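Undergrad: Take a look at the letters that make up each chain.
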Amino acid sequence: MTTTATPPLRAKVRRADRVFSTSTVVAGILILVALAAVAVFLIAQSIPALLADPSELKGSPSSFWAYVGPLAFGTVWAAFLALLIAFPISIGIALFISHYAPRRVAQGLGYVIDLLAAVPSVVFGLWGIKVLAPMVTPFYGWLVDNFGWFPLFAGSVSGTGKTILTVAIVLAVMIIPIITALSREIFLQTPVLHEEAALALGATRLEMIQMAVLPFGRAGIVSAAMLGLGRALGETMVVAMVLSPAPVISFVLTGSANPSTIAGNIALNFPEAHGIEINALIATGLILFAITLVINSVARVIVNRRKAFSGAN
Amino acid sequence: MRFTRFGSVAAVAIAASVLLSSCAANEGGTPTDDESASTLSGSLVGGGSSAVGAAQETWIAEFQTANPDVDIAYDPAGSGAGRETFLAGGSDFAGTDRAFDDEEVAAGGFASCAPDSPIVQLPLYISPIAVIFNLEGIDTLDLDAETIAGIFAGTITSWDDPAIADQNEGVELPATPITAVHRSDDSGTTENFTDYLAQAAPTTWTYEADGVWPIEAGEAAQGTSGVVDAVTNGTGTIGYADASRAGDLGTVSVLVGDEYLPFSPEAAAAIVDASPFVEGRAEGDLSIELDRTPDEAAYPVVLVAYLVGCETYEDSAQGELVKEYFTYMASPEGQEAAAEGAGSAPISDALFEKASAAIELIK
Numbered sequence: 001m002t003t004t005a006t007p008p009l010r011a012k013v014r015r016a017d018r019v020f021s022t023s024t025v026v027a028g029i030l031i032l033v034a035l036a037a038v039a040v041f042l043i044a045q046s047i048p049a050l051l052a053d054p055s056e057l058k059g060s061p062s063s064f065w066a067y068v069g070p071l072a073f074g075t076v077w078a079a080f081l082a083l084l085i086a087f088p089i090s091i092g093i094a095l096f097i098s099h100y101a102p103r104r105v106a107q108g109l110g111y112v113i114d115l116l117a118a119v120p121s122v123v124f125g126l127w128g129i130k131v132l133a134p135m136v137t138p139f140y141g142w143l144v145d146n147f148g149w150f151p152l153f154a155g156s157v158s159g160t161g162k163t164i165l166t167v168a169i170v171l172a173v174m175i176i177p178i179i180t181a182l183s184r185e186i187f188l189q190t191p192v193l194h195e196e197a198a199l200a201l202g203a204t205r206l207e208m209i210q211m212a213v214l215p216f217g218r219a220g221i222v223s224a225a226m227l228g229l230g231r232a233l234g235e236t237m238v239v240a241m242v243l244s245p246a247p248v249i250s251f252v253l254t255g256s257a258n259p260s261t262i263a264g265n266i267a268l269n270f271p272e273a274h275g276i277e278i279n280a281l282i283a284t285g286l287i288l289f290a291i292t293l294v295i296n297s298v299a300r301v302i303v304n305r306r307k308a309f310s311g312a313n
Numbered sequence: 001m002r003f004t005r006f007g008s009v010a011a012v013a014i015a016a017s018v019l020l021s022s023c024a025a026n027e028g029g030t031p032t033d034d035e036s037a038s039t040l041s042g043s044l045v046g047g048g049s050s051a052v053g054a055a056q057e058t059w060i061a062e063f064q065t066a067n068p069d070v071d072i073a074y075d076p077a078g079s080g081a082g083r084e085t086f087l088a089g090g091s092d093f094a095g096t097d098r099a100f101d102d103e104e105v106a107a108g109g110f111a112s113c114a115p116d117s118p119i120v121q122l123p124l125y126i127s128p129i130a131v132i133f134n135l136e137g138i139d140t141l142d143l144d145a146e147t148i149a150g151i152f153a154g155t156i157t158s159w160d161d162p163a164i165a166d167q168n169e170g171v172e173l174p175a176t177p178i179t180a181v182h183r184s185d186d187s188g189t190t191e192n193f194t195d196y197l198a199q200a201a202p203t204t205w206t207y208e209a210d211g212v213w214p215i216e217a218g219e220a221a222q223g224t225s226g227v228v229d230a231v232t233n234g235t236g237t238i239g240y241a242d243a244s245r246a247g248d249l250g251t252v253s254v255l256v257g258d259e260y261l262p263f264s265p266e267a268a269a270a271i272v273d274a275s276p277f278v279e280g281r282a283e284g285d286l287s288i289e290l291d292r293t294p295d296e297a298a299y300p301v302v303l304v305a306y307l308v309g310c311e312t313y314e315d316s317a318q319g320e321l322v323k324e325y326f327t328y329m330a331s332p333e334g335q336e337a338a339a340e341g342a343g344s345a346p347i348s349d350a351l352f353e354k355a356s357a358a359i360e361l362i363k
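Chain order of the listed sequences is A and B. Under full-length UniProt numbering, the residues of the first sequence are numbered 1 to 313, in order. Under full-length UniProt numbering, the residues of the second sequence are numbered 1 to 363, in order.
This list has only true hints and no planted wrong ones.
Think about it this way: if two alpha-carbon atoms lie no more than 16 Å apart in a straight line, the pair counts; the simulated EDC-like pairs of lysine to aspartate or glutamate are: (1) A/K58 x B/E208; (2) B/K363 x B/E314; (3) A/K58 x B/D210; (4) B/K323 x B/E353; (5) B/K354 x B/E283; (6) B/K363 x B/E320; (7) A/K58 x B/E216; (8) B/K323 x B/E360; (9) B/K354 x B/D273.
Quick caveat, the hints were computed from the structure, so don't treat them as lab data. Computed from a predicted model, the values in this text were never measured in an experiment.
Generate the whole structure from the sequences, applying the supplied hints.
TA: Here it is, written out as C-alpha cells:
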C-alpha cells in the first residue's frame, strides 16, 4: 500500500489572498486599538475628577454624580425626542422613495436627502438659532397658554425659543437623512417575490408593506434608528449654540431652564476650564462613552433577536 | 490678503521714510530716525484671557510693525490656563480676568521669572459691560443695582413692575414678561457682572461672583454674540454684553450714588481710579480691589483684565522686550489702538503714570 501517493487537497495560497486577508485583520484590530486608546484616555483623565473634592468642581455640586446627572439625563432626553420626531418621518420618506414615488422623483428626492446629510452641524446650529427658535417662540407661547396643565408644557414659556424641543427638532432634521438613507436601501432589497406574492393574494399596497417590506427590514430599521440616535447623542455644536441650559433635570419642553447635554456642556465650558475642571469635563465624556456603549449594545441585542424572522438569511 | 497687507504696510513705511528724509534734508539737520530703526529683536509668548484676545491682536500687529524683528504670540486659551502656563514658566506674560490673589502671590514659584522676582500685574484692559435690552421704542432705562439683580434673579418678572416704573417716570413700559439672558459658557464677563451684582445688590443677589451663571433663573446663550442675538431676536429680553457689541439695542443707565450713569469709556476707566489697590503687594503689582459701589461718577459694570509679567527675567534681553511691549500697551497710543480694535476703555492718565512706574521695574 502506498500511503504517500495522495497529498491532502489544498487550495494554493496566492500572495494577493494573503495580503488581503492580513490587511483586513489589521483594519479590524486597528479599530479595536483606537477604541481602547480612547477608553484608556477617558478613564485615566477622569480618575482625578472622580476622586476630587466635589466643591472644587464648577458650581460646587454635592458630588460628581450630582454634576453629571442632569447632563446625562439631558443627553438621553434630547436624543430620544429627536428620534421620536425623526423616526416616523424617515420611515415615511424611505417608503415613499422605495415604493410610492415615480422613479424619477424618487431619485431626485434621494439626492436631496443625501445632500441634507452632508450639511455641517454648525450650519444647522445657525439655522436653529437664527430661524427656527424665533419662529417657534409664538407657537410655544400658544402651547403653554392652552396646554399648560400638561406636565411637558408646564411653567412659564421661554422668551427666545431656545428650548430642548427646538434642539430636538434641529437634531431630528440632522438624523432624518441617516435613517432615511439606510431604510431606503433596506426597503429596496425586499425580495420582489415576497411583494408580488402579497399583491397576488389580494393585499393592498399598505398591506403588502406591512406583510412583506417591514418584517423583512425590521433589523435594518432598528440599526438605522440606532445610528441616528448615536449621532443625536453625540451632537455638540447644535446643542451648544441653540440650547439655553441650566443644571436641572426637567421634562418640560418649552421652558427656559433645560437640561444640557454632555457634549454641549463640554463644548461650552472647555475653553475656560483649567486644572481639575478639565478632568471633570473629560469624566462626563466617559459617561457619554458608557451611555452610547449601553444603547448600542441594547440595539445589537434587538437586531440579533429579530434577525431570525427577517428573511434576510 | 496677508501679502497685500504687508505690501501696503511696506508702501506706507517707504513713503514715510522718503518723506521724513526729505523733510530732514530740507531742514538741513541730521536725519534722526530712531523711530523706524528699532533695535529690538526676539520673541515673546503670552497667553490667557480670551477677553483680552482682540486687544492683543491689535497690540501685537502695531508693535510688530514698529519693531519688525520682534515676534509676539498670544494664545487666548482662557484666564485660568493663562495663569497656569505663566506660573509653570510656559509663557513670558499672561492676560487674565483676575489678578493673582494674595495666596498665589505669597506662594510664589513663578517659573517664568528669575528666582524670587516679584510679579508685575497691570490693569491695562478695561472694558465696560453694557446691560442691554430689547423693548420697542425705548432706548435707555434707569435702573439701580437691586432692580437689575431682581430682574436677573427672576424676582422681577414684568417690565411694568413698580420697581422699574418708579425709576423711569414718563417712560411707557409695556406689560411684557421679562426674559433675562445670561451666558451659557464660562466667561469673565459673567464673573464681572455677577461680582457687580454681589457687591452692589447684596440683599437680592446672594451668590458669589462666578464665571458660570450661578442660578437657574433666566435664559442662557453661547458667547457674547449668542447673548446679543438672543436679546435682539426676543421680545422683552435683557442681557449683559461687552459694551462694544451693544449696537442699536437699548442700554441701561446704572444708578451710582444718586445719579444714573450710562456706560462710557471715561466712566468705565474712572472705576479703576476710584478703587483702592490691594494692600501688601510688591511695588509693581497694581492689583485693584474693584469697588463696584463708588462714591464718584464711575461706571461700575466693567471687566478689568490684567497683564502679568515679572519684575526680573532670567534673560535680561527678554526682560527688555517685555518692558518695551508693556510700555507700548500702557501708552496712550496703545490704549487708543485697543479702544478702536477691541472697544475697550483707555486707562486714565493717573493709572498710566502708576503703570509706567511699575513697568520701569521690569528688567
